[in-house]
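Participant: Generate coordinates for the entire structure from the input sequences, incorporating the hints supplied.
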Amino acid sequence: MSTSTSFDLAAARAYFTGLQQRIVAGLEALEGAPFRRDAWERPEGGGGVSCLIEDGRVFERAGVLFSNVLGANLPASASAGRPEIAGRGFEAMGVSLVLHPRNPHVPTVHLNVRMFAALAPDAAPVWWFGGGMDLTPYYGVEADAVHFHRVCRDALAPFGAQHYPTFKRWCDRYFHLKHRREPRGIGGIFFDDLSAPHFDGAFALTRSVGDHFLEAYAPIVERRRDTPYGERERDFQAWRRGRYVEFNLVFDRGTLFGLQSNGRTESILLSMPPIVKWRYDWHPEPGSAEARLATDFLIDRDWIALESP
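Under the working numbering, the first residue of the sequence shown is numbered 12, with each subsequent residue one higher.
These are calculated hints, taken from the structure and not from any lab test. Treat each hint with caution, since some may be false.
[Unchecked claim] Mimicking EDC-like on lysine to aspartate or glutamate, the simulated pairs with C-alpha atoms at most 16 Å apart in a straight line are: (1) K288 <-> D246; (2) K288 <-> E257; (3) K189 <-> E244; (4) K288 <-> E244; (5) K288 <-> E242; (6) K189 <-> E242.
Facilitator: So this is what it looks like as structure tokens:
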């Protein structure tokens with residue numbers, strides 16, 4: 012977290028809007044159809060653009076959101092750990108996406124890159140960056156997991172070799188369903204409160220994460236989208252999607268911030284999958300392809316160690 016005044020809201024805003032447009036163009040190429048564009052405004056200040064597709068050939072539901080929200084008072088979720096900035100105004104902006112594919116062999120994916128500034132007329136702004144991306148497969152494939160983590164590592168490599176293992180561990184801790192005692196997926200990278208070494212450095216790292224998203228995810232979609240599946244696989248996908256909903260509604264800080272700051276509810280809840288199932292105390296048959304997700308993928312693994320030389 013920084014109190015430096017050497018930050019540039021206009022540059023951040025231009026990057027995030029451009030990133031949304033580039034990612035949507037890449038996903039439209041995969042889908043073979045355009046996304047719907049929905050611009051919205053917030054009465055308290057700011058607004059955003061929601062780009063989405065529902066009932067698509069590749070993506071059953073996908074949302075790529077840009078938001079730039081302004082307010083006179085920080086929500087409790089933003090200042091709970093920072094009492095010194097309570098009562099300030101704020102400006103928050105970024106790109107967030109969740110893609111729920113139709114084919115159960117294609118993983119769900121999440122990306123978020125953002126900047127937050129706490130503002131007061133008689134004090135220097137306090138700003139920081141955050142974000143990351145993580146993968147949630149239903150039928151795990153080691154090659155896909157290795158590829159995703161390798162791109163995450165490569166996105167961070169120019170800024171120091173220490174970042175990938177640190178941000179991977181952070182991701183594993185954050186995307187964990189405490190009440191289930193299980194991870195949401197195979198992780199990726201996650202960071203928050205980033206203001207070091209200075210604005211340009213923190214902004215550059217955040218940009219690199221956003222810029223590497225399509226490289227991390229699109230090849231997996233291309234490899235798996237035509238894999239045959241039936242009712243069994245769709246049923247398991249719907250059951251596992253329930254875990255995704257539980258995490259987003261109970262633990263996700265972005266969802267909580269958006270709702271507490273009077274964001275656009277329809278856009279915030281675009282992260283929810285369209286078809287979900289819950290069953291009472293159900294478990295996959297031991298040794299099945301469905302059980303292998305838990306035994307081989309939803310565990311602490313060093314995916315980079317599996318990379319081919």
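Participant: Each of the hints needs a verdict: does it hold here or not?
Facilitator: Hint check results:
Distance restraint check for K288 and D246: the Cα-Cα separation of roughly 8 Å lies within the 16 Å cut-off, and the hinted pair is therefore satisfied. Straight-line distance between C-alpha atoms of K288 and E257 comes to about 12 Å, which keeps the hinted pair within the 16 Å bound. A distance of roughly 26 Å separates the Cα atoms of K189 and E244; the hinted pair therefore is violated under the 16 Å criterion. Of the supplied pair hints, the one linking K288 and E244 holds, its CA atoms being roughly 13 Å apart against a limit of 16 Å.
Distance restraint check for K288 and E242: the Cα-Cα separation of roughly 13 Å lies within the 16 Å cut-off, and the hinted pair is therefore satisfied. A C-alpha spacing of about 30 Å is found between K189 and E242, which places the hinted pair above 16 Å, so the restraint is violated.
In this structure, the earlier hints numbered 3, 6 are contradicted, and the remaining ones agree with it.
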